[in-house]
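Chains as they are written, first to last, in our numbering: chain W, 646 to 957; chain A, 923 to 1376; chain L, 229 to 403.
These aren't lab readings, by the way, just hints derived from the structure by calculation.
Please note that a few of the clues may not be correct.
[As the list claims (entries may be wrong)] With a cut-off of at most 25 Å between alpha-carbon atoms, the simulated SDA-like pairs for lysine to any residue come out as follows:
hint: 1; chain 1: A; residue 1: 1350; chain 2: W; residue 2: 822
hint: 2; chain 1: L; residue 1: 359; chain 2: W; residue 2: 808
hint: 3; chain 1: W; residue 1: 876; chain 2: L; residue 2: 349
hint: 4; chain 1: A; residue 1: 1185; chain 2: L; residue 2: 242
hint: 5; chain 1: A; residue 1: 1122; chain 2: A; residue 2: 1014
hint: 6; chain 1: W; residue 1: 814; chain 2: L; residue 2: 357
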Amino acid sequence: LRAQKSGGGVASQTVLKLGHGLDTAHPVHQSLVFMKERLEELSSGSVTIDIYPSAVLGAEVQSIEQLQNGSLAMTCQSVAALENFIPSMAAFSLPYVFRDSEHYWQVLNGEIGHELMEKGEAKYLRGLCYYDAGSRNFYTKDKPIRTPDDLTGMKIRVMNSATAIDMVKALGGSPTPIAWGELYSALAQGTVDGAENNVPSFYSNKHYEVCKHFSLDGHTRIPDMLLMSSKVWKQLSPQVQGWVQQVAQESSDYQRELWNQKTKLAMEQAAAEGVHIYEVDTALFQAKVQPMLNAVEHPDVRILLQQISQVN
Amino acid sequence: MGTTALILIAIFLLLLAMNVPIAVSIALATFVAILAEGADPTIVVAANMVNGVNSFALLAIPFFILSGHLMGRGGMARRLIDFAATLVGFLPGGLAYVNTLTCMLFGSISGSAAAAVSSVGGFMIPEMNRKGYNREFNVSVTTTAATTGLLIPPSNIMIVYSVAAGSVSIAAMFMAGILPGIISGLFIMLVCGAFAYTKKYPREPRSTIRQMLIGFKRAFLSLFLIVVVIGGILAGIFTATEAAAIAVVYAFLLTVLYYREIKLRELPELLLQTGITTAVVMLLIGASSGMSWIMTMANIPQTVSAVLLGLSDNPILILLTINLLLLCVGTFMDMTPAVLIFTPIFLPVVSALGMHEVHFGIMMIANLCIGLCTPPVGTCLFIGCGVGQTTIAKVTKTMLPFFASMIVALLVITYVPAVSLWLPVETKQLKATDVENAHFMNAPQDTEELTSQP
Amino acid sequence: MRQALLKFKQWMTTALNGLLILAVALLVLDVVWGVFTRYVMGEQANWTEELARFLLVWVSLLGGAVAFGQKSHLGVDYFVEKLHPEIRKLMAVVAHLLVLFFAVSIFLIGGWQVVSDALILEQTTPALGIKMGHVYLALPIAGVFMSLFTLENIIEVLWAPTADRNQVSAEGGAE
Ligand code: NA
Ligand code: NA
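Extracted from the complex, chain W is given alone in its bound form (with noise of 0.2 Å):
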């Protein structure tokens, strides 16, 4: 446990464990496979990683609690489970906080992102760098939504979040919280009419089957951030340091890759299955979002919006 040399025969190994929600086919675990490797590689075997997938040393706060005592060394969560932990994250979570993709990425990986990654550094968390989540949007099962309008009456899916329910209201929309496990039977049921995710939960979660219109809107864009725990850092040498840092930043890369091509791919077989794609006019939704984001109190999350606009 926690960077614990492991004893018999070979010469003392730190091994660092690495729990995560994510299933074992998800572009951010086989990054996390490709991190492990670079690891072990750089450090001629002597560092590594044991990656425990599908939460099963926990769920996300669990896995974030984990780390602050240090019985886990690091994990890999949506920033959005943050929040409770660190209250600025919450501006991640509201709607068009970013233009569109490359603004995003010039914030993550800009001052701004690097600031956030310290910012748990009070809380024993360190950020040591984003993964890509893509951009969340809306399908449903009968009607297209073109429009805001579209959605009025609609019963739309949302994460049990108070941001996410805010924000299908505030589109018109009816937000129910169902749990991500029972949304294929709420929707095949018409429990709901539609719920919203990025491209290739819903490919490979299969809602394609159900869902047959798909709106380009992508209301937010939340990333992952890997995390590791402050108190195994402090035990690590320097140079095992540089090492992680450096295996995250490519691991990063990898996956921003590995995500584009998944995107793309689970994109082309959804339309393979009869999901009819829409591009729809982004602006329309954000008008009715503003006053959400105007609305915001926590200082901390009104600072981080102001800086995010200002990055070109």
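Please build the complex by placing chains A and L with the ligands on the supplied structure of chain W, with the hints as guidance.
Relative to the frame of chain W, chains A and L with the ligands by itself:
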């Protein structure tokens, strides 16, 4: 991994044998194992005690326990018995069928087998004793038939399983259990038939259609709870947890306000019993949450998986092995801890075989149902013997044919995936493609043969 | 002495029982309120789910303490039943001491660590916005009651005549 696993298992078994409460045995074994892995055990075990139970899905458990208490005391069991009697009472040994059918009906409105044994057995066993049925036979029927209520939804143990397996859909589990529950009940009735034939048990007067309708009418409001709970979940009106809360309200309205068989001043006692029974289960879940954390960290599931898969590449043999192991576990351990401890260990194995997690859950529960009726540790057996005023030693021999029928039912459930998976797919609780991808399904010709073996 | 001890235990049990009854009733009302707001008022209050989970945590831990007082936790008494009464008594004391260690190390010490970590790190809950540390307080509070009940159990075993059997209730599993 070797030493940590050994420490975990050795300390756990030692503490169990010393009659330390199971939850404490699990937590302390975990405590030492985490220490051996070099981490701080106090904080990890403590955090899991809370995080393991901090789950909306698990909330259904206290609700189903409470509605079970209300239904048991509020006269719902008796109305179900009267209705069942009009349907199957005329057969030779009629009361045995009435007993089994009532347990199944009661199971379909209650989440607990213990509730069925005490509520149904409380009426049926004395009645059957009076009519000249053998006392041990009466206890055996009630005890084994009550377990069908764990397969027929709603079912608390299915909720425990779906949490232990990592958010398997509870609605899908509920649908999956219906046919296996009915099959188990039918097999128990077959054994009853054999007893009735050899012992020349009496039959009840045949009921007219009119009497059946009257019986149905009187039981209707009790049975309507099935529609509320299962229909509500299936139609997506509410989640399993909400359905359970609605069941409490429904049972309250029916038994306290309409039937008036429970007085308002009895309610605090019922709430208290519910709280304590819930806490006993939840403490187990919290402790097991820590144990599964250290098992995962020490790669124990992978190791067991590798060993089992190394034994043979024949899924039929591996499933037989798992079933035998679980039967042994079930003799000594109660169902809840067994599900909590062995789900994370065996699920990776059967997933590698291409078995669907819902199917495995049903198989595991059907298996551990047998354990509830076997000595030395069997919750249903204890309650059944208590209600029937007999001893475990006396009942065991009469139980044997019933065990045999449960084992045959278990084999059918194990080797015919469709028994579990057909209904959830039909009701859209599972994706057809998910089930097809489970390649365990793709060898029906092999499984056909196996089911005919005892 | 014996009277005073029993009285104290009774007092603690009554207090905890009252809390439990209240919490279970609240649980039902809370979840039903969630369904009601969703269907009748068109929109579900988002705090109902979170409150329900936290109430469940408190019911579980406080109820767990009561269950130690009533000795209704599930155990395997098969082997100790076969022992000589004197040894059985000794084993009962050892088992209770182990429970005491469990209550103190995990619920009191570990629980307090979890509480203070969550408070220092200012972790809040998403819907209610309360401090997670306050939710975790159930751990040390339950720990105090568990320790006291277990101490009382130990004294009871030591005072009891040897033939007295340590009864374990068969009721109370998820099934
Ligand atoms: Na049931
Ligand atoms: Na047993």
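Okay, the hints, checked on the actual structure:
no., hint, result
1, A:1350 / W:822, "holds (20 Å)"
2, L:359 / W:808, "holds (20 Å)"
3, W:876 / L:349, "holds (14 Å)"
4, A:1185 / L:242, "holds (21 Å)"
5, A:1122 / A:1014, "holds (8 Å)"
6, W:814 / L:357, "holds (21 Å)"
Checked against the numbered hints listed earlier, the structure breaks none of them; every hint is satisfied.
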